[in-house]
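Protein chains: 2
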Amino acid sequence: MGELRRLDRRLAFQGEIVDLYKDTVELPDGKIEEWDYVHHKKGGGACVVPVLPDGRILMIRQYRPAIGECCLELPAGCRDITDDGEYEDTAVTARRELQEETGYTSDSITFLCKIRTAIAWCNEFTDIYLARDVYRTGEQSLDEAEDIRVTPVHMEDILHDIRSGLQQDAKTVAGILAYLSSSDQ
Amino acid sequence: MGELRRLDRRLAFQGEIVDLYKDTVELPDGKIEEWDYVHHKKGGGACVVPVLPDGRILMIRQYRPAIGECCLELPAGCRDITDDGEYEDTAVTARRELQEETGYTSDSITFLCKIRTAIAWCNEFTDIYLARDVYRTGEQSLDEAEDIRVTPVHMEDILHDIRSGLQQDAKTVAGILAYLSSSDQ
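Those sequence lines, one after another, are chains X and V.
If you're matching positions, the first sequence starts at 0 in numbering that gives the first Met the number 0 and goes up one per residue.
If you're matching positions, the second sequence starts at 0 in numbering that gives the first Met the number 0 and goes up one per residue.
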């Protein structure tokens, strides 16, 4: 038996935020197959667990057209490109998205964990940060596509929703559980 | 300001495991845009956290052509369709994937949490289960595309890898942290 190998990759369809490629892979038994690969154009972004001084988590509620549901999530967004033409550090993304989506900031933003959303068929990743003792600095500054309500939530309520399967957003589940397991909690 | 609304969805490209759709959405300011929606044909599947009697986690190592890396992951797979033409319960998927990918089973498989991988642009979900006191029943029964090495790993090593950003697989990060935060750990 041989190894699973990728022999070729070619662009099949260009989307707005993702491109779809066809991978030619050789299976361990020598058979050749075509597999899908979805390439997120920005690669990914950052998510932040904003903790208020009283221990509640600052979450946002927004409608997600892709799944047709209103979701309670941690603030998050894609990386921007800097003046040098490079992607910004995801800690910068985390701080900006927290400010824009909630109007809050923090003097301490530290790395919690990184998730790749679907390693079987996609490159997308999200770096998740902890923002301690967040405080308000102004209003939200939403872009034209955003309609976001800021909602402080008690940790026990989020954990109940995760364990009952009600809270399903991968970055939110991973971020909240990573914060819970950290020495900061 | 209005609300974010999806006005239309049409198929743009058919892949092997995913289809790509174009959504027409109306932004809160009334502007119309085209957004991508990636539809995973099987909707999703199950992942399992297999705990050995000594507390180590039974993980698998496999090459992932999509991202070009060899990954250490929890066992997982897509739902099969039953004789009735319906998708099987994901608890059935979890038990089967554990058996096929590792040769182990458990007398106690219970729900931990559910993750939707990318709610901004995709429908895919993974139900994550805990399998207590797994025991060996036979050999792996891999399908032709699989080349998997079974690897028991100490919990503290997985946690180190999650916190350092080395372990990035979303289902593995969420599953391990959900198990850690459960009353079973």
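Treat the hints as calculated values from the structure; they're not laboratory data.
It is possible that part of the hints are untrue.
Derived DEER-like restraints, expressed as beta-carbon distance ranges [said to hold, decoys possible]:
| # | chain 1 | residue 1 | chain 2 | residue 2 | range |
| --- | --- | --- | --- | --- | --- |
| 1 | X | H159 | V | G1 | 50 to 56 Å |
| 2 | X | G42 | V | R5 | 22 to 28 Å |
| 3 | V | D88 | X | D7 | 36 to 42 Å |
| 4 | X | G29 | V | G1 | 53 to 59 Å |
| 5 | X | E68 | V | S163 | 48 to 54 Å |
| 6 | X | D82 | V | Y134 | 57 to 63 Å |
| 7 | X | R5 | V | K41 | 20 to 26 Å |
| 8 | X | R9 | V | D142 | 35 to 41 Å |
The C-beta atom is built at its ideal place from N, Cα and C for all residues, glycine as well.
Range agreement (Cβ of G1 (chain V) with Cβ of G29 (chain X), hint 53 to 59 Å) | 56 Å, holds
Falls inside 50 to 56 Å, the C-beta gap from H159 (chain X) to G1 (chain V)?
-> 33 Å, violated
Indicate whether the distance between the beta carbons of R9 (chain X) and D142 (chain V) respects the range 35 to 41 Å.
-> 25 Å, violated
Whether the CB-CB distance between R5 (chain X) and K41 (chain V) falls inside 20 to 26 Å = Check passed, 22 Å falls within 20 to 26 Å.
Would you say the C-beta atoms of D82 (chain X) and Y134 (chain V) sit inside 57 to 63 Å of each other?
-> Since the Cβ atoms of D82 (chain X) and Y134 (chain V) sit about 58 Å apart, the hinted range of 57 to 63 Å holds.
Starting from the hint 22 to 28 Å, judge whether the C-beta atoms of G42 (chain X) and R5 (chain V) obey it.
-> 25 Å, holds
Do the Cβ positions of D88 (chain V) and D7 (chain X) conform to the proposed distance bound of 36 to 42 Å?
-> For D7 (chain X) against D88 (chain V), whose Cβ atoms are near 37 Å apart, the range 36 to 42 Å holds.
Could one say that the CB atoms of E68 (chain X) and S163 (chain V) fall in the range 48 to 54 Å?
-> Taking Cβ atoms as reference, E68 (chain X) and S163 (chain V) lie about 33 Å apart, which means the hint is violated.
The structure shown violates the earlier hints numbered 1, 5 and 8.
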